[in-house]
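Novice: This is what each chain is made of:
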Amino acid sequence: MPRLLAVLGGITVIAILGFIMLPAVVVTLAAFNGRAILSFPPETWSWRWFAKALAYEDFGSGFRNGLIVTAWASTIALVVGAAFALALERYEFRFKRTLEIVLLSPLVVPHFTVGLGFLILAAQLGVARGYAVVVACHVVLVLPFVLRSVYVSLRNLDPRLELAAASLGAPPHRVLTTVTLPLLLPGLVSGWLFAAILSFNEFTASLFVTAQRTQTLPVALYNYVREYADPSMAAVSVLYIVLTAVLLTFATVFLGLGKVLNVEAPR
Amino acid sequence: MRLPAEGSAPGAAAATSQDVAVALDGVTRRFGETAALDDVSLSVRRGELMTLLGPSGCGKTTLLNLVAGFLAPDRGEIAIDGERVTDRPAYRREIGIMFQSYALFPHMSVAANVGYGLRMRRRPKAEIARRVEEALALVKLAGLEDRRPRQLSGGQQQRVALARALVIRPKVLLLDEPFSALDRNLRGAMQVELKQIQQQLGVSTIFVTHDQSEALSLSDRIAVMAAGRIRQLGTPDEIYRRPSDRFVASFVGDVNVLPARLEWIDGATAVVALGETRVEVPARPLAGTTIGAPVDLFVRPEELRVAEEGEAAVHGTVAAQIYQGGHVDLHVDVQEAASGRVLLRVSGHEAMARWPAGTRIGIALVADRAIAFSRA
Chain S
1 MPRLLAVLGG ITVIAILGFI MLPAVVVTLA AFNGRAILSF PPETWSWRWF
51 AKALAYEDFG SGFRNGLIVT AWASTIALVV GAAFALALER YEFRFKRTLE
101 IVLLSPLVVP HFTVGLGFLI LAAQLGVARG YAVVVACHVV LVLPFVLRSV
151 YVSLRNLDPR LELAAASLGA PPHRVLTTVT LPLLLPGLVS GWLFAAILSF
201 NEFTASLFVT AQRTQTLPVA LYNYVREYAD PSMAAVSVLY IVLTAVLLTF
251 ATVFLGLGKV LNVEAPR
Chain B
268 MRLPAEGSAP GAAAATSQDV AVALDGVTRR FGETAALDDV SLSVRRGELM
318 TLLGPSGCGK TTLLNLVAGF LAPDRGEIAI DGERVTDRPA YRREIGIMFQ
368 SYALFPHMSV AANVGYGLRM RRRPKAEIAR RVEEALALVK LAGLEDRRPR
418 QLSGGQQQRV ALARALVIRP KVLLLDEPFS ALDRNLRGAM QVELKQIQQQ
468 LGVSTIFVTH DQSEALSLSD RIAVMAAGRI RQLGTPDEIY RRPSDRFVAS
518 FVGDVNVLPA RLEWIDGATA VVALGETRVE VPARPLAGTT IGAPVDLFVR
568 PEELRVAEEG EAAVHGTVAA QIYQGGHVDL HVDVQEAASG RVLLRVSGHE
618 AMARWPAGTR IGIALVADRA IAFSRA
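If you're matching them up, the sequences are chains S and B in order. Under this note's numbering, the letters of the first sequence match residues 1 to 267, in that order. Under this note's numbering, the letters of the second sequence match residues 268 to 643, in that order.
The hints are simulated quantities; they were obtained by calculation from the structure and are not laboratory data. Don't be surprised by glycine CBs; every beta carbon is placed ideally from N, CA and C.
Computed spacing ranges between beta-carbons, pair by pair:
| hint | chain 1 | residue 1 | chain 2 | residue 2 | range |
| --- | --- | --- | --- | --- | --- |
| 1 | B | 521 | S | 98 | 49 to 55 Å |
| 2 | S | 171 | B | 410 | 30 to 36 Å |
| 3 | S | 98 | B | 339 | 26 to 32 Å |
| 4 | B | 413 | S | 244 | 34 to 40 Å |
| 5 | B | 415 | S | 171 | 21 to 27 Å |
Derived contacts from chain B toward chain S, CB cut-off under 8 Å, selection only:
| hint | residue |
| --- | --- |
| 6 | 357 |
| 7 | 358 |
| 8 | 372 |
| 9 | 374 |
| 10 | 383 |
Use the sequences and the hints to build the structure in full.
Specialist: Put into structure tokens, the structure is as follows:
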């Protein structure tokens with residue numbers, strides 16, 4: 001009887017894992033379809049959709065635009081988020097609770113609302129729909145995640161470490177550079193990575209605030225699927241998965257990402 | 268090391284200003300409505316180990332933080348080595364501090380931890396290396412320079428924290444409950460070692476603890492604190508044998524409280540009646556008490572003994588015997604006692620056989636070392 005339960009348990013786990021992997025598997029197989037339709041399973045096999053996807057102008061520019069927006073948005077969000085997290089954790093002031101609610105509010109405001117808001121605002125102010133609007137929009141969207149990540153690492157930082165440093169003769173700016181920031185580094189890096197992944201994948205708000213010149217990869221994919229239904233989109237997806245996997249593997253092996261993200265125990 | 272003169276009145280600062288390492292003058296610090304420290308004045312002599320002893324919330328940690336510069340006083344002045352430091356930030360006070368949690372920098376090696384204060388002072392590399400080596404030798408940690416704090420045992424971490432605080436040659440060393448994270452055996456060894464190092468270097472030290480036995484065994488002087496004030500300042504022996512009030516008497520060491528009656532006062536001596544027994548006690552705590560009034564007699568467990576026939580002050584029934592190796596603790600049910608129980612500390616293992624639980628015994632006082640306070 002216990003043996004039967006163990007077998008059933010194993011099957012359940014495998015089924016759940018399979019279910020999680022299913023979309024990626026389906027899309028990957030669809031990318032190799034020889035015919036110009038998105039279908040599963042494919043009847044004939046071909047690499048040609050990868051060639052087409054790589055050659056397609058909008059995907060290339062979408063990828064580059066996405067990198068530009070992501071780099072700016074997650075970096076700005078990190079600096080702003082870290083400063084706010086520090087203020088919220090360390091100081092008592094009026095309207096502290098209100099500030100916290102406002103900073104976390106993008107979590108409950110739908111992305112299309114944020115996108116629409118920025119679209120109206122940009123039009124009203126006469127700002128051209130350039131990168132600035134897209135970046136600003138993404139900063140607002142990823143800020144809560146950066147804030148949370150830095151806030152949690154600040155909470156886990158023993159304030160006595162900073163007091164000890166001060167007692168040993170370190171003025172405030174040197175306490176910050178020699179003790180606080182090095183110990184916050186895991187939180188800062190994971191906050192940045194989280195923000196970058198969210199920003200690069202963001203679609204709903206980006207649809208409103210991007211123009212042809214600034215459209216990011218998800219928007220480019222959407223515009224493509226409105227006109228064509230061939231497997232080159234599946235091919236882009238596969239490239240995206242492979243690229244991310246390679247980057248994460250590289251970061252884990254060579255930069256000790258596991259330690260940075262606190263998924264590996266330090267001991 | 269300098270011992271305070273025997274019999275010096277508690278709190279009377281006979282020391283000249285040059286002998287004072289830390290001076291607090293009328294220091295008050297409030298948190299919201301409550302005064303964590305209420306108009307406290309205290310002088311720590313140079314080279315002395317001064318203990319701040321009291322229950323949690325008595326203000327001892329606040330006092331330590333004020334000396335360190337982590338907090339600013341609402342009123343009053345603080346001086347270190349004769350210099351006013353009330354407005355000086357912590358990083359310019361030249362103090363060494365050791366926290367209960369040690370607060371070692373987890374991202375630095377042992378050597379980098381110990382050398383941190385010297386790097387902040389921009390000392391030359393060679394000097395830092397030499398002084399770090401000396402400091403680690405002092406705390407017997409030579410050879411562990413490259414380890415990370417998390418690779419060390421609790422006792423080793425504490426030694427690193429001590430070396431890190433001492434290497435900058437602080438004007439005053441502050442110890443915040445340093446032993447409470449250690450297990451019992453290690454604690455005793457570390458206490459002896461800390462005391463040796465403190466005396467060897469002659470560093471003025473303020474030691475915060477809530478553990479009265481730790482305070483009694485380590486201190487040159489003890490300041491017993493409660494509710495933001497210093498209740499008594501004196502040598503461990505003064506605190507233990509001549510507590511100034513009921514709080515100090517019950518907080519420091521074990522004590523029995525027995526109801527008695529004030530018979531008469533003659534100069535510095537008073538006599539109280541405990542049953543048929545007359546007991547001589549110091550008159551000072553009884554000043555203003557009317558003759559014949561009920562008073563509480565405070566007696567240490569080692570100053571009681573099992574009475575011979577006819578000389579007992581009170582009677583009771585042995586409730587439990589606790590064998591302690593060198594002596595036996597007899598817990599005796601005594602109706603008159605304030606807590607209903609009296610604790611006797613009798614030497615020798617034969618006590619176990621002579622007075623088993625259930626035995627009815629009489630209790631007498633060994634010597635006139637008891638102290639009486641008027642009823643609150």
